[in-house]
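Peer 1: These are the residues of each chain, in order.
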Amino acid sequence: MRFSDELGWAFSNLRKRKLRTFLTAFGVTIGIGALVSMVSFGTGMQRNVSQTFRSLDLFNSIIVLPGDFLRRPGPDPDEKSVALPPSEISSTVLDDAASARIAAFDGVETVFPEVRIPALVRWNGEEELRVIQVLPAKVAASRMIKFSAGKPYDTDDENSLIVSSSLLLRLGVREPAAAIGKPIGISTIAFDFSLLSPAGLMAALGGEKLPLVLEEHEFVVAGVAEDLVFDGPGPMRSEVYLPPGPAGKMKRLPFTSIWDLFRAKEGRLGYSALNVRLSSPSSIEPVKKKIKEMGFGVFAFSDQFGEIRRGFLIMNMILAAVGMIAIVVASLGIVNTMVMSILERYSEIGIMKAVGAGDRDIRRLFFFESGAIGFLGGVFGLALGWAVSGIINRVVNFFLARQGLPFIHYFSFPWWLCLGAVLFSVLVSLAAGIYPAMRAARVDPVRALRHD
Amino acid sequence: MENTDLSLPLIRTDRLSKVYSTAKVRVVALAEVSLRVAEGIFLAVAGASGSGKSTLLNLIGGLDSPTSGAIEVRGRRISELDKEELALYRRQGVGMIFQSFNLIPSLTALENVALPMMFAGVSKAERKERAERMLERVGLSHRLTHRPAELSGGEQQRVAIARALVNRPSVLLADEPTGNLDSRTSREIVELLADLNRWHGLTVLMVSHEEALVREFAASVVRLRDGRVESEEVLR
Chain A
-10 MRFSDELGWA FSNLRKRKLR TFLTAFGVTI GIGALVSMVS FGTGMQRNVS QTFRSLDLFN
50 SIIVLPGDFL RRPGPDPDEK SVALPPSEIS STVLDDAASA RIAAFDGVET VFPEVRIPAL
110 VRWNGEEELR VIQVLPAKVA ASRMIKFSAG KPYDTDDENS LIVSSSLLLR LGVREPAAAI
170 GKPIGISTIA FDFSLLSPAG LMAALGGEKL PLVLEEHEFV VAGVAEDLVF DGPGPMRSEV
230 YLPPGPAGKM KRLPFTSIWD LFRAKEGRLG YSALNVRLSS PSSIEPVKKK IKEMGFGVFA
290 FSDQFGEIRR GFLIMNMILA AVGMIAIVVA SLGIVNTMVM SILERYSEIG IMKAVGAGDR
350 DIRRLFFFES GAIGFLGGVF GLALGWAVSG IINRVVNFFL ARQGLPFIHY FSFPWWLCLG
410 AVLFSVLVSL AAGIYPAMRA ARVDPVRALR HD
Chain B
57 MENTDLSLPL IRTDRLSKVY STAKVRVVAL AEVSLRVAEG IFLAVAGASG SGKSTLLNLI
117 GGLDSPTSGA IEVRGRRISE LDKEELALYR RQGVGMIFQS FNLIPSLTAL ENVALPMMFA
177 GVSKAERKER AERMLERVGL SHRLTHRPAE LSGGEQQRVA IARALVNRPS VLLADEPTGN
237 LDSRTSREIV ELLADLNRWH GLTVLMVSHE EALVREFAAS VVRLRDGRVE SEEVLR
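Respectively, the protein sequence lines represent chains A and B.
For the first sequence, counting from 1, position 5 maps to -6 in the working numbering; every step adds exactly one.
For the second sequence, counting from 1, position 222 maps to 278 in the working numbering; every step adds exactly one.
Bear in mind the hints are in silico, worked out from the structure with no lab data behind them.
Using N, Cα and C, we set each Cβ at its ideal position, and we do this for glycine too.
Do not take every clue at face value.
FRET-style restraints, in silico, Cβ to Cβ [stated by the list, open to error]:
id, chain 1, residue 1, chain 2, residue 2, range
1, A, E333, B, E88, 35 to 45 Å
2, A, L(-4), B, R203, 42 to 52 Å
3, B, G195, A, K7, 30 to 40 Å
If we strip away everything but chain B, and leave its shape as in the complex, we get:
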């Protein structure tokens, strides 16, 4: 463990701001958000739509770059990385899942899970083996050759989780993972995330406005409002 000192968090944002500006309008999506995410925590991010939750996740996930402020992951300033370094960080440092699953429809479950390893240059045989093991862990060993359209919403999200974790990242970013699922399946998915957090030490950062699920599984919750941190609450 590189990060045994609890005073050094896994993720730290320092007055992080994101402003989308066109010629006429200037939208502040995130305004000076300073957060600390301890390693191994299950942290929920809540807030109304437009409060900046997804923007925060995209910035931490390295999909977007901040207008000002800094992001550090394991003490490394990812807000200063160039495009190719950022791609490497997305490939190995974080895993992301989304409300709409974002699986590639033409690929089978196995191929979808193997995709991040292709960009990492892993051999074909190893990709297949690791993807199979990952799908088994999320309970889909019987769905390897199914395409997304042949899977239920919950199954698709499990495939997405397997894909996000296949390159062994230290943090999983979940952007409203239950937004497209019924309540029973939603609970199963969040439970899976909580299990991964509890038994494998995976740090989970989950955006959600399903208060009940957040209260049941998350260790603490950060509430955003108009791009600012409104409150931080420790649940357990």
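Only chain A is shown next, with the shape it has when bound in the complex:
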């Protein structure tokens, strides 16, 4: 028998029993639709994260941490008694000198310290508490921040700042452009240094006196930043960015983590981290090595990306497993339909055998018919998955847009997913057709012809 005849026979048989074909294939459609939308969600998330990495230039970024940060095994304050020799201590402080030394390395483009300050952001009587970030003008102008309105501040000493569109929305500003040039208030929470004696600290911790003072500053909005699609571990994690000049004059809490507090007490006040941007990813390893030799800890985002990829692989597999359940149920439907079909076409099988069909021919006809159901189910399932994920994407983005977040494609349909879904559907259906096909081939023509 010719392959084209086997295919033609399979599809014409399905056409003859339209309702049953539709119902059986619809089961497959739902299964494949579920699988496709699950996997496309997984791959979509993965694509978004890697795009964010790329657009933020994270593959070119490393973070330098104080040397003692990584050496501390746990948050045990008593450990400070195991003091390092003074020479080593000074070398592990992330100060401006260390920053300048790193900036001089080959392949290093920019070095800027990680400085974050908790502050109240005020606008027309509205108030929001945020951790604001100090960012040199040079970095603010790089492609690490995307602007939806305005522009970055020109110098490090300007009294202007960059605010994110979602924070503006929370402060009641719908149109980012309307905020440009308008005044915005920043109130820093400063540490009352008079209490920095053991007795004073105890009193503060005991709740007798809050060791904090508020200090108000006035800024002008220079630019409105687009929100990040995914805020990962990157150097841009704030909703307000200040130039270093005015920020340096602010009284503020000198720490962003509890370790800073203890470092401050030891008189080893340095930055909690330095952000280093490199000219190309190939510089990562040599620069990392040199920084480690200086006694600092180094963290490269590209290393982390591998971890994230592994995480997504696991997520994709779990999502696919959920879709698989639906496929298994659908394949039982195929088995059922095909077995029913044998009973219905009992005499037809007998006739075909009488006119010269071999067991092999009958087996293949039934086998192909299952495969054809799988093909139809796969194609329609792909369409269903595409349609459903499109609707979900629109609905989710509708709500996100109300919070000032940009449009995100949560689902991704790469060619391998489309092709793989149909192919997989056909393969599963063929597998479901094995038993009915074997059974059809075993039909005894003498009995089948006596049937009526």
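Given the coordinates of chain A, assemble chain B onto it according to the supplied hints.
Peer 2: For chain B alone, kept in the frame of chain A given last:
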């Protein structure tokens, strides 16, 4: 002609037996039947129902396999063929027609006739052409696209005959071909078989208990009783 020697028959059965046995019952359908069917003959097989006529035809047609004994067609032992070889033999060596026509109801007359050629791997265009010619020969060129339900009994049997002969077998096995037909149509069908026998040299083996038709058209008749050959009679 491969078979010019008349001493070598087209079909020969040698002590052919078929026993159907279940756990409790053992039914002997055919007991040591030895037959010779000469090439080009119109042979009738007669007998009461249950005498083993259909079993004999199914065995010769390769639909069933014997419990013991042998069948030779053109000197080839078809009783020893495996399943796929037997399918090939059914496809090309014999054609069968039945009392209940056994057409596939969802297919048109043309598609039914073309079916055996599909299993033979004949191209679609050739299938259509040959099926059309075959239907024309049985007088149904005006019924090509009709389905079995739209045809009369006689027309259905003609379609079945066209289907049985489309792969050019050397023998036609007819299992009570007139059992479902009125007497006028019955005569037409048997006449068609006799014509095919006479003008195209087709060997016909027909099971029938319509004595009058057998006497009018068959060259000889074999009578079976309880699975055994009771008598053989040469009519002309």
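Peer 1: Determine for every hint whether it applies to the structure shown.
Peer 2: Checked hints:
Restraint check, E333 of chain A to E88 of chain B: a C-beta distance of roughly 40 Å satisfies the suggested window 35 to 45 Å. About 23 Å separates the C-beta atoms of L(-4) of chain A and R203 of chain B, a value inconsistent with the hinted range of 42 to 52 Å. The supplied range of 30 to 40 Å is met by G195 of chain B and K7 of chain A, whose beta-carbon atoms lie about 35 Å from each other.
In summary, the one numbered hint that this structure violates is 2.
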